[in-house]
Structure formats: C-alpha cells, structure tokens
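Engineer: Residue numbers (full-length UniProt numbering), protein chains in the order written: chain A, 1 to 258; chain B, 1 to 258.
For the record, the hints were derived by calculation from the structure and aren't laboratory data. Source: prediction; values computed, not measured. Hints may contain errors.
The list cannot tell twin chains apart, which means a pair is met if one copy fits it or any two copies do.
[To be verified] Below 25 Å or equal to it, Euclidean Cα-Cα: the simulated BS3-like pairs (lysine-lysine) are:
no.	residue 1	residue 2
1	LYS49	LYS91
2	LYS91	LYS151
3	LYS3	LYS110
4	LYS185	LYS133
5	LYS185	LYS151
6	LYS91	LYS133
7	LYS49	LYS125
8	LYS133	LYS114
9	LYS151	LYS125
2 protein chains.
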Amino acid sequence: MEKLTIVKVGGGILDEPTQLDALILHFAQINGHKILVHGGGKVATQTAKRLGVETQMVDGRRLTSTEMLEVVVMVYGGLVNKRVVAKLQAKQCNAAGFTGADANIILAEKRPIKTIDYGWVGDVKEVNTEVLKGLLSQGIVPVIAPLTHDKQGNLYNTNADTMASVLATALSSLYQVRLWYCFEKPGVLANAQDDNSVIEHLSTQLYQTYQQSGVITDGMLPKLDNGFAALRQGAQEVIIGTTTALGADAFAGTRLVL
Amino acid sequence: MEKLTIVKVGGGILDEPTQLDALILHFAQINGHKILVHGGGKVATQTAKRLGVETQMVDGRRLTSTEMLEVVVMVYGGLVNKRVVAKLQAKQCNAAGFTGADANIILAEKRPIKTIDYGWVGDVKEVNTEVLKGLLSQGIVPVIAPLTHDKQGNLYNTNADTMASVLATALSSLYQVRLWYCFEKPGVLANAQDDNSVIEHLSTQLYQTYQQSGVITDGMLPKLDNGFAALRQGAQEVIIGTTTALGADAFAGTRLVL
Numbered sequence: 001m002e003k004l005t006i007v008k009v010g011g012g013i014l015d016e017p018t019q020l021d022a023l024i025l026h027f028a029q030i031n032g033h034k035i036l037v038h039g040g041g042k043v044a045t046q047t048a049k050r051l052g053v054e055t056q057m058v059d060g061r062r063l064t065s066t067e068m069l070e071v072v073v074m075v076y077g078g079l080v081n082k083r084v085v086a087k088l089q090a091k092q093c094n095a096a097g098f099t100g101a102d103a104n105i106i107l108a109e110k111r112p113i114k115t116i117d118y119g120w121v122g123d124v125k126e127v128n129t130e131v132l133k134g135l136l137s138q139g140i141v142p143v144i145a146p147l148t149h150d151k152q153g154n155l156y157n158t159n160a161d162t163m164a165s166v167l168a169t170a171l172s173s174l175y176q177v178r179l180w181y182c183f184e185k186p187g188v189l190a191n192a193q194d195d196n197s198v199i200e201h202l203s204t205q206l207y208q209t210y211q212q213s214g215v216i217t218d219g220m221l222p223k224l225d226n227g228f229a230a231l232r233q234g235a236q237e238v239i240i241g242t243t244t245a246l247g248a249d250a251f252a253g254t255r256l257v258l
Numbered sequence: 001m002e003k004l005t006i007v008k009v010g011g012g013i014l015d016e017p018t019q020l021d022a023l024i025l026h027f028a029q030i031n032g033h034k035i036l037v038h039g040g041g042k043v044a045t046q047t048a049k050r051l052g053v054e055t056q057m058v059d060g061r062r063l064t065s066t067e068m069l070e071v072v073v074m075v076y077g078g079l080v081n082k083r084v085v086a087k088l089q090a091k092q093c094n095a096a097g098f099t100g101a102d103a104n105i106i107l108a109e110k111r112p113i114k115t116i117d118y119g120w121v122g123d124v125k126e127v128n129t130e131v132l133k134g135l136l137s138q139g140i141v142p143v144i145a146p147l148t149h150d151k152q153g154n155l156y157n158t159n160a161d162t163m164a165s166v167l168a169t170a171l172s173s174l175y176q177v178r179l180w181y182c183f184e185k186p187g188v189l190a191n192a193q194d195d196n197s198v199i200e201h202l203s204t205q206l207y208q209t210y211q212q213s214g215v216i217t218d219g220m221l222p223k224l225d226n227g228f229a230a231l232r233q234g235a236q237e238v239i240i241g242t243t244t245a246l247g248a249d250a251f252a253g254t255r256l257v258l
C-alpha cells in the first residue's frame, strides 16, 4: 500500500503569520500523498463579532446558529481555506480546497439533541474514500475545511480533530496512513509549564493514568481521543507535535501507542 | 469528442431564492460533463457594508482593496460557492467548489495599471485543462467561484463572464463546448422594456449595428464580447438566456453566430 500523510493544524497556527508560513513550508515538503485538515481559529470569532453575530460556547464548544454557520462557511470554507491553498500553490504543492460537501467527501448528520442543541453542528457519518483516492492519484493535495453536509442541502460545522481522525480511519483501507496533529506545543506535556517535558510515547494505559492524575486535561482530551480512535481503527502512526517539527519524511512529538 | 456544458450564472440569480432553486434543479439535470461558473451578487456588497469595508466602483467595476479581497474570498469562495455545492449535492449532482487557485485551475496576473489601479483584480493567463479533464472524468462537476491566483500566494477577484469564456475556449481543445450565460432576462432584447423582443440569432455584424444604434448597451457588452470571443476561439455554441430555459439537453435564448 502507498503511504498517505494526514496533517491536522489548529487555529492557533493559522492565526500566526510566522507559524502559518512554517506550516506551509514544511507541509509542502512532505513526500507522497498528503491531506491537510485545518481548523478555524480566532478569525471566525473576530469576523462574527464584526458582523454582530454572537458567539455562544457551551463547555468549550461553539453553538452554531444559522448566522454563525454563515460566518464559519465564509471564514473556514472561504478565507482560511483559500489563503492556505494559494500559499501552498506558491510552494509548488498542488493544493485544492474542499469542505465535506465538495464532491461529497464527508457526509454528516446534525448532532442529535440530548441536553444541548448545538445547532448546525454535524457528526460524521461517512467518508467517500473513492473520490479522495481519485483526487490523490491525480496529484491533488486536498486541503479540508471543518465543514460537512448531509446531502440534503445543509452544511454543518464539524470538529477538525474528528474530521482528521475519521479520514485517517477510512483511508487506512487504501493507504498506510500517518496522522500528524500539529499544534502550538512540541507534544503532549507531562508538565504544562515546561516545553521540555514532552511525553515521547503515550500508551492508552499511560493516557488513563495521566487523565486521572490531572496531568492531561481539557483541550487535549478530544485530540487524544480522536488520535487513539484512528490508531485503533487502522492508522499506522499518530503523532502530536508542533509545526516546526514537520519534516519531509518525519514528525517529532508525542507518539500514540496502543 | 465528448460534450461539455459550461453554465455561467450571475449574481441576480444567486440572490433570489426562487431563481437559485430553479438554477439548481435545471443545472442538475443537464446531461454529460458540465461546469458551473458563478458570480457574486449583492451578498458581497452587503457583507462588505456590514464589515465596514467600503465598496468602490469605477465604470461599473469593483475596485478590490485588500479588505475587499478578503470579503470576496469569504463570500464568493465560501458562502456562495458552498451553498451552491450543497444544494447541487442534494440533487445527486456531484458538485465540488473551486476557485482558480484550487488545483491551480486558473492562473492569473494582477491587471496592469494604466489609468486605474483596480487593486486585487486578476486577468486570466492560463487554464489548466488537464486537471479539469481529470476532475470531469472522475464524474466531478466543478462549481467555480470568480477568484484566481498567481502561483505566488496571491488571490485575485476576476470577472465571472470572462472566466466562463476562457474556460470554454481552453476546454474546446478537449471537448465540444456549449457555453450558456444565464441571467435575469430571456435573452438579449431588441427592446429593453419588452421581454418578448428576444434577438434569436445575434451575428457579429448585427451586434455592431445594435451597439451603434444604442439597442445593446452597458452591462451586456462585456458578456457579449466574452461570448463572441469564446465562439471565435472554439466553443461550438454560445447562448444567453434565463435560468428557467435551462433544460437537460438544450437552452433557449439568444444564440451568438459569427
């Protein structure tokens, strides 16, 4: 099987011009088939504010009203996505931007209402691996914004960490998949205040221990849950680290192990 | 050679929900390979206003400042493009949104400054027919927003009528191309006040006569110049008409003839 590298970058990197440039430079150099999944960052919140659209958060998750959906479609699907594409094109990387709706690559359904109605938030149902394979074999590098659709004409806001994980899982039937999560830190830290305390190998058992002891908390949990899910379901390698550690053929950071 | 239908729709149609639904319904039914090129419409101007970005026009053309470029990338490349894609997907049409930057399909350069600096406005240099052919042969229906890039990391605002024309010209080396311009009127009118006065066949000679006599003016001129350019350079059929006249296998309106 051929190799495929899926890189997920968060908003913190997209918001910082120097970090973004480092990402573009290093991502463009990765060998073989690759996909970039990006989050949104502060631009969506800032644009919403300028447009007078209120940002509502519950437990760190954004509720997506109809007005907020318009903002994230504009910002994630338009501004952020096309900026990244144009910058990668300038580095001879044949990037093309997609949302889950484009070529129906990621089908979702509205998140069911239990205690909270998240609004236009979608949970992934299906990844269209055949279309992605066709694009990759044409030499296209998909740059995927965190939006999905339901094939009934509706768009949804969808978590980028989850999208990267489900893409890795689905595509592991066709490729040897490496999933690299890029964020602001050099890896998962044993001491949040010390960037030199990177946990080099994180097993599911160690992950449980660190959760119980409070070493790993909050923001890292969904990323790690998504990473472990991909690893259990077929991804060959899942690593969490910082942009500048992205190399043509390797990535340094915290490696997840089962 | 296989057939390819390129449909261009303007902002007036995109802004009107009933017109947009008619477009989606009829476009989805067109047989064979097809591409949709869309303009922007009032949403860009409205969004710019809400964001406090001033719209500057010279001779009916929008000047594109850095702030305005951000708005059109958000609105054309994000909101309008993805809405159309999601709606087409709901009609079993495998639409995927692109700007000229995506997969480098349309390369442009900044419009040279003569008397006016249009800002981030790009003139098309090259169409990447091979990538488009690859997408079409995969069954993908490109939905193209009026934005281009220069392969140096810059995005440009580009006239959608021109983009449709240059796509038709370039792709006529690979396909039998039909170019259909959809707008609010049933065709080019001999009497602007009378929708029943459609000019069924418009030759270059008749076009000159109508221009001189003032029957055809202003807004129609760039569309017709673009249409004639495509016809002279290889398109098999160029027709200008209204959305509801779009059929699975034909389009009614004003047919251009050389």
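Engineer: If a hint holds in the structure, say so; if it does not, say that too.
Structural biologist: We went through each hint and held it up to the structure:
| no. | hint | in the structure |
| --- | --- | --- |
| 1 | LYS49 <-> LYS91 | neither (33 Å within a copy, 34 Å between copies) |
| 2 | LYS91 <-> LYS151 | between (34 Å within a copy, 8 Å between copies) |
| 3 | LYS3 <-> LYS110 | neither (32 Å within a copy, 38 Å between copies) |
| 4 | LYS185 <-> LYS133 | neither (32 Å within a copy, 42 Å between copies) |
| 5 | LYS185 <-> LYS151 | neither (37 Å within a copy, 31 Å between copies) |
| 6 | LYS91 <-> LYS133 | both (23 Å within a copy, 23 Å between copies) |
| 7 | LYS49 <-> LYS125 | neither (31 Å within a copy, 38 Å between copies) |
| 8 | LYS133 <-> LYS114 | neither (36 Å within a copy, 46 Å between copies) |
| 9 | LYS151 <-> LYS125 | within (11 Å within a copy, 35 Å between copies) |
Violated hints, listed in ascending order, are 1, 3, 4, 5, 7 and 8; each of the other numbered hints is respected by the structure.
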